[in-house]
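Sequences listed follow chains F and Z, in order. Under my numbering, the first sequence has 312 at position 91, and the numbering climbs by one with no breaks. Under my numbering, the second sequence has 341 at position 120, and the numbering climbs by one with no breaks.
Fair warning: there could be bad hints in the mix.
Copies of one chain are not kept apart here, so a pair can be met inside one copy or by any two copies together.
With a straight-line Cα cutoff of 27 angstroms, these simulated DSS-like cross-link-like pairs (lysine-lysine) come out [to be verified]:
id : residue 1 : residue 2
1  : Lys308    : Lys243
2  : Lys368    : Lys308
3  : Lys491    : Lys552
4  : Lys491    : Lys243
Since the hints were made in silico from the structure, they are not lab data.
2 protein chains.
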Amino acid sequence: MHATDINMIGTCDSEVYPIKVKTRHSFEYLRQYPHLRCRTNAFGSLLRVRNAATMLIHSYFQDNSFIHINTPIITSNDCEGAGELFKIEPEKQVDESSESEECKHFFDVPVYLTVSGQLQLEAMASGLSKVYTFGPTFRAENSQTRKHLAEFYMVEAEVAFTQSLEDIMQIMEGCVKCVTNRIIEQCPHEVELFHKHVAASNHKDLLKKILDKTYKRITYSDAINILQKKKGFEFPTQWGCDLQSEHEKYLVKYFNNVPVFVTDYPACLKPFYARDNQDSPNTVAAVDLLMPVIGELFGGSLREERLDVLQNNLTTQGQASEYEWYLDLRKHGSVPHGGFGMGFERFLQCILGIDNIKDTIPFPRFPHSCLL
Amino acid sequence: MHATDINMIGTCDSEVYPIKVKTRHSFEYLRQYPHLRCRTNAFGSLLRVRNAATMLIHSYFQDNSFIHINTPIITSNDCEGAGELFKIEPEKQVDESSESEECKHFFDVPVYLTVSGQLQLEAMASGLSKVYTFGPTFRAENSQTRKHLAEFYMVEAEVAFTQSLEDIMQIMEGCVKCVTNRIIEQCPHEVELFHKHVAASNHKDLLKKILDKTYKRITYSDAINILQKKKGFEFPTQWGCDLQSEHEKYLVKYFNNVPVFVTDYPACLKPFYARDNQDSPNTVAAVDLLMPVIGELFGGSLREERLDVLQNNLTTQGQASEYEWYLDLRKHGSVPHGGFGMGFERFLQCILGIDNIKDTIPFPRFPHSCLL
């Protein structure tokens, strides 16, 4: 570069500017300045990779004839049946003094921030066959880990007319490989910066396996057998126990760091909408994809499409009245279908080797922190 | 199509199914069934156009070297300085009984659903030059109109190193023309369905003007002169009064239905961050784009990049302490910049000729209604 002219547009006093010249600040330090850290090489690179990854995920689904749907952010549903919700009210209360429950709420009913767009996406799949959503989701979990945010992005997809978990797994595996490959093509310098200065030293090898190997497929029961041969886990490894982070990591290592699909979970570990395996009625056609470093990246399942079985599942949980519209989908022309969700920030952690999820998103929200 | 085989996958009892064969249900009727209306021709077409429009908007910005940023949904800021906010709390209160204000909140501070990503986008533009966001925004307005939703999508962009409103207007005009053109190319049957059965009879002519004409550019003062020559408006047309819907519609008609940029508004009508016009100090470099049928589609401005002026604007409003991070952007290497926002659902209304904004989004949220 040969400059013919230099103009001073805006001055910056290096004494008070929190980012110092020729200093490699830690990600933790930079997290205090979400409005300034985008000016550093590392975080600028992260944002360019995040941009590329966003577009490549859209392309993957568009190229495979999926239609993008904006599932709602404010919802009167609770997809997972679990607590950990944020509730929403207008700042100016509608009518605090009202006796009627209806007048107290802007929407007449209590509403929450979405934890998943899946159920609404299923409704859309019944009209458009293949659909996906890629938007913000929320958890009010009061936990500080390197894998959790209160506001994060999920890619969720639903496919009508499938009766096979293998179909769903192929879309997941295809998505990871295709998007990762093209990120490396489109952002070679940015990816290199992270692999050289941020990720663990073996990260390139892990990435090669993610790109080149066919992912392992084992059942939950197989997984339990493998885990039970090993001693020293903190959490139990009985059949029926949920796989913990330590188990996920061990399973991936056991398969030499090749990503692992674990399928056919005990019904009690998965939500009411997961479809029964007819040949093994105490398990459901659900799948998690476990990755090196981060553990679970995707979760998916076939969805129960039979009205009577779904009704029964919901009645057992005392929830049938809340899901009338969801039962409607089975009442009026139901088809076998399935889908999955992927945490976008975990995907970025996995590709770039970023230890803390707070460094993968421009404005991290977590307990005690909502800067800007 | 020649079928060799027919399989009944899921039955549907036409007696109880709310959508009747060979019946053209009104959009208002279908709105009661957000989980089923995607199965109709009209709403299926809307969703395919919405999908195409989403991707084409991304392409427009990506092709012009903008980087996509996920601005936060949960925020401790209030961009517009106006009320109409939704506040957020965990469903399980953190510690109701605590004396300290901090312990009452999950994030230590009161937080809200975003009304705009602009301020955060300005921070990103200071690191990445050209940025945009395309996500959900929220208003707790208790009004039922055909142009308002409590949850809607906005495209917002910021451009560093510009000192000219004309630059910003060219991006807006380019975006509308390019995206509209390509929607018609990619979804000819869907667009035709709306133009034939839904839009007003002159809609194709309007669309031709949107595509072919150079948009008019007039100042707010010019607009007031034009309006004052006409009698019979409900709202006043004095200099300093905001343009109302009736004024916007008249101005577009006055220019024979060619879209109109109105620039250089009185400072009192625009937020604290709009930049002064140095040659006319009681006006600011702000612009609205008015379209046929819907009125205002875009709003934008140059942003005040001078620390002392911005500080003064904020102090006048008693808000300087809340915007310390925003002032930081001016303290540390400030550059002239500007940007704009476009309501995505209004854009769809405009292209397809849809009367009610509730019929442009899969899951409309408005006072008294949050289905699914």
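Checked hints:
Within a single copy, lysine 308 and lysine 243 get their C-alpha atoms no closer than 45 angstroms, and across copies no closer than 42 angstroms, so neither meets the 27 angstroms cut-off. In the homo-oligomer, the alpha carbons of lysine 368 and lysine 308 lie at most 27 angstroms apart both inside one protomer (23 angstroms) and across protomers (26 angstroms), since each shortest distance falls under that limit. Proximity of lysine 491 and lysine 552 under a CA criterion of 27 angstroms is satisfied intra-copy only: 23 angstroms inside one chain copy versus 52 angstroms between copies. Taking identical chains as interchangeable, the C-alpha atoms of lysine 491 and lysine 243 are never at most 27 angstroms apart, the minima being 50 angstroms within one chain and 41 angstroms between chains.
Against the hints set out earlier in the document, violations occur for numbers 1, 4.
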